[in-house]
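Model the full assembly from the supplied sequences, consistent with the hints where possible.
2 protein chains.
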Amino acid sequence: MPAAPLIRKLEQFDRISDAERRLLEQAVVRQRAAAKGEDLAREGDRPSESLFLITGFAARYNLVRTGKRQITALHVPGDFVDLHSFLVKRMDHGVMAVTACTVGVVPHEALRVISETQPHLTRLLGVNIAVDAAIHRHWIVTIGRQSALEHAASLLCELFLRLQAVGLTEGHSFKLPLTQAELGDCLGLSTVHVNRVVQELRAEGVIVWRGETVIIEDWPRLQQIAEFDPTFLCLESEPR
Amino acid sequence: MPAAPLIRKLEQFDRISDAERRLLEQAVVRQRAAAKGEDLAREGDRPSESLFLITGFAARYNLVRTGKRQITALHVPGDFVDLHSFLVKRMDHGVMAVTACTVGVVPHEALRVISETQPHLTRLLGVNIAVDAAIHRHWIVTIGRQSALEHAASLLCELFLRLQAVGLTEGHSFKLPLTQAELGDCLGLSTVHVNRVVQELRAEGVIVWRGETVIIEDWPRLQQIAEFDPTFLCLESEPR
DNA sequence: CGGGTTGTTGAGGTAATTCAAACCGCGTGG
DNA sequence: CCACGCGGTTTGAATTACCTCAACAACCCG
Chain F
996 MPAAPLIRKL EQFDRISDAE RRLLEQAVVR QRAAAKGEDL AREGDRPSES
1046 LFLITGFAAR YNLVRTGKRQ ITALHVPGDF VDLHSFLVKR MDHGVMAVTA
1096 CTVGVVPHEA LRVISETQPH LTRLLGVNIA VDAAIHRHWI VTIGRQSALE
1146 HAASLLCELF LRLQAVGLTE GHSFKLPLTQ AELGDCLGLS TVHVNRVVQE
1196 LRAEGVIVWR GETVIIEDWP RLQQIAEFDP TFLCLESEPR
Chain L
996 MPAAPLIRKL EQFDRISDAE RRLLEQAVVR QRAAAKGEDL AREGDRPSES
1046 LFLITGFAAR YNLVRTGKRQ ITALHVPGDF VDLHSFLVKR MDHGVMAVTA
1096 CTVGVVPHEA LRVISETQPH LTRLLGVNIA VDAAIHRHWI VTIGRQSALE
1146 HAASLLCELF LRLQAVGLTE GHSFKLPLTQ AELGDCLGLS TVHVNRVVQE
1196 LRAEGVIVWR GETVIIEDWP RLQQIAEFDP TFLCLESEPR
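Protein chains in written order, with my numbering: chain F, 996 to 1235; chain L, 996 to 1235.
Please keep in mind that the hints were generated in silico from the structure rather than gathered at the bench. Treat the hints with care, since some could be wrong.
You can't tell identical chains apart in this list, so a pair holds if it fits in one copy or across any two.
[Claimed, not checked] In the DMTMM-like style, the derived pairs of lysine to aspartate or glutamate whose C-alpha atoms are separated by at most 25 Å in a straight line are:
id, residue 1, residue 2
1, Lys1063, Glu1222
2, Lys1170, Glu1104
3, Lys1084, Glu1222
4, Lys1084, Glu1231
5, Lys1063, Glu1153
6, Lys1063, Asp1224
7, Lys1084, Asp1009
8, Lys1084, Asp1224
9, Lys1084, Glu1153
10, Lys1063, Glu1145
11, Lys1031, Glu1044
12, Lys1084, Glu1111
13, Lys1063, Glu1020
14, Lys1084, Glu1233
15, Lys1063, Glu1233
16, Lys1170, Glu1038
17, Lys1170, Glu1153
What you are looking at is a predicted structure, and each value in this text was computed from that prediction instead of being measured.
Okay, structure coming up:
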């Protein structure tokens, strides 16, 4: 049932009929594994299929001349990592497997058929793209106008809720398989500074982070530090 | 012919049939004027129509607790400022008229009819959202990993090409009706620092900026400073 | 002509960076 | 079983890019 995470994700947005469910299952022609660190797509590619995560974490990234890297999006199971490539054709960023991943493969041809015959499903895929964009905007705000501490807190809030929505949290804890360097590439910060900010969140008793496990000890306070309003994640199901 | 700028914008992505053109014209039920500084939409709104710019500049923005503002997108004639509100329902940001604007009004009901009956047009509207997201990602990269100078240069490159695509440039010059404070809100910089960076671009002979007019004196060098690759703007028409 | 907005400049402060080194946990191979 | 190497984390010190505050100049509009 490789389509299950995708279906659950789309159900965050609206109810899905059995017929639609079957169509999505048929659209996933195969699944494949990717090793940690592997590129799922590269800048400049013109993919003929789109990928969604079944298990693992992935990141979209861009490299700049100085050798620095900026991660522009983190993806968790259920997320399409390059749905837009169906519409926009050419990848303007790479996608890498942050952990070992399994991905479901949906040919653009299948997406085209859906777009021709399934208006409701097409809208839900559109919501997918629009929510990606909303998350991007949120990142712009936090990079541009929040302190490193606020920004880090914000990313933790976001990830917690997104993982909770796909059933990957336990109470207030979740697996965060990112190095501090990778976190820095998300936040636009140096590794050293990420470390200091994480220390501060720990010292304040807001989070515990050991190994790959983050425990949010004080969720209200974390939200307050981050000034976090989850509206943009669009986690409520309604007719669309 | 209030739909004309919208049609031209969509034609950047792909050919549009006469029938599609007529449908778009019908979808624009009216136009309205907005004064400089007026809000076209506010955070938390649930609009029942989407707006595109016919004339003028608009910006999406978010406010943070400290009173700072971050602009997450700039819009020029032809751009929808809140197309995503059709899919995502609730505005997670405000939209303000940076200059006096005229906007075309497209009821969500009309978008729904298009999405039910016009797969090709629906895809082009999807491209619209996807390109917005691509621009967002570009902003994340430039805010996160580029210097203020590079970032400012990058925004000028982006605006020049977007304005050129809708016929609002003359040679290498264009109207940029933004204050340095507003530019700072786009770039995540203070007004003072924006000023210094602009001075530097002037001193290097890369641009002339007097009043509302920017002249790009050395386009290759501006692109080089910004490390600018226009791919993400998706300015090539192809079948979609 | 005057008052508000915008642009410019200077000086001092600070958040984050860079560079460097030490440390830690962990898997691997001798 | 220990030594080693490696990726990741942590700490310190010096540097820097950008910020804040403040004053002033230029401009525009009524």
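Alpha-carbon proximity between Lys1084 and Glu1231, which holds within one copy, between copies, both or neither at 25 Å: between (30 Å within a copy, 11 Å between copies)
Classify it for me, Lys1063 with Glu1145: is the Cα-Cα distance of at most 25 Å met within a copy, between copies, both or neither? both (22 Å within a copy, 14 Å between copies)
Intra- versus inter-subunit Cα pairing at 25 Å for Lys1084 with Glu1111: both (18 Å within a copy, 24 Å between copies)
State whether the alpha carbon distance between Lys1084 and Glu1222 is at most 25 Å within one copy, between copies, both, or neither. This pair counts as between: shortest inter-copy Cα distance 22 Å, intra-copy 36 Å.
Lys1170 and Glu1153: within-copy, between-copy, both or neither at 25 Å Cα: within (14 Å within a copy, 38 Å between copies)
Give the relationship of Lys1063 and Glu1222 under a CA distance limit of 25 Å: within one copy only, between copies only, both, or neither. Between copies, since 13 Å is at most 25 Å while 28 Å is not.
Go through the copies and call it for Lys1170 and Glu1104: within, between, both or neither, with a Cα cutoff of 25 Å. Result: close neither inside a copy nor across copies, 35 Å intra and 42 Å inter.
What label fits Lys1063 with Glu1020 when the C-alpha limit is 25 Å: within, between, both, or neither? neither (39 Å within a copy, 46 Å between copies)
Could you figure out if Lys1084 and Asp1224 sit no more than 25 Å apart (CA to CA) within one copy, between two copies, both or neither? Close across copies (16 Å), not inside one copy (33 Å); limit 25 Å.
Given a CA cutoff of 25 Å, do Lys1084 and Glu1233 count as a within-copy pair, a between-copy pair, both, or neither? between (30 Å within a copy, 9 Å between copies)
From the Cα coordinates, with 25 Å as the cut-off, is the pair Lys1084 and Glu1153 best called within, between, both, or neither? Between copies only: 20 Å across, 29 Å inside.
Is it within a copy, between copies, both, or neither that the alpha carbon of Lys1031 lies no farther than 25 Å from that of Glu1044? within (21 Å within a copy, 44 Å between copies)
The structure is inconsistent with the numbered hints 2, 13, 15, 16, although it conforms to all the rest.
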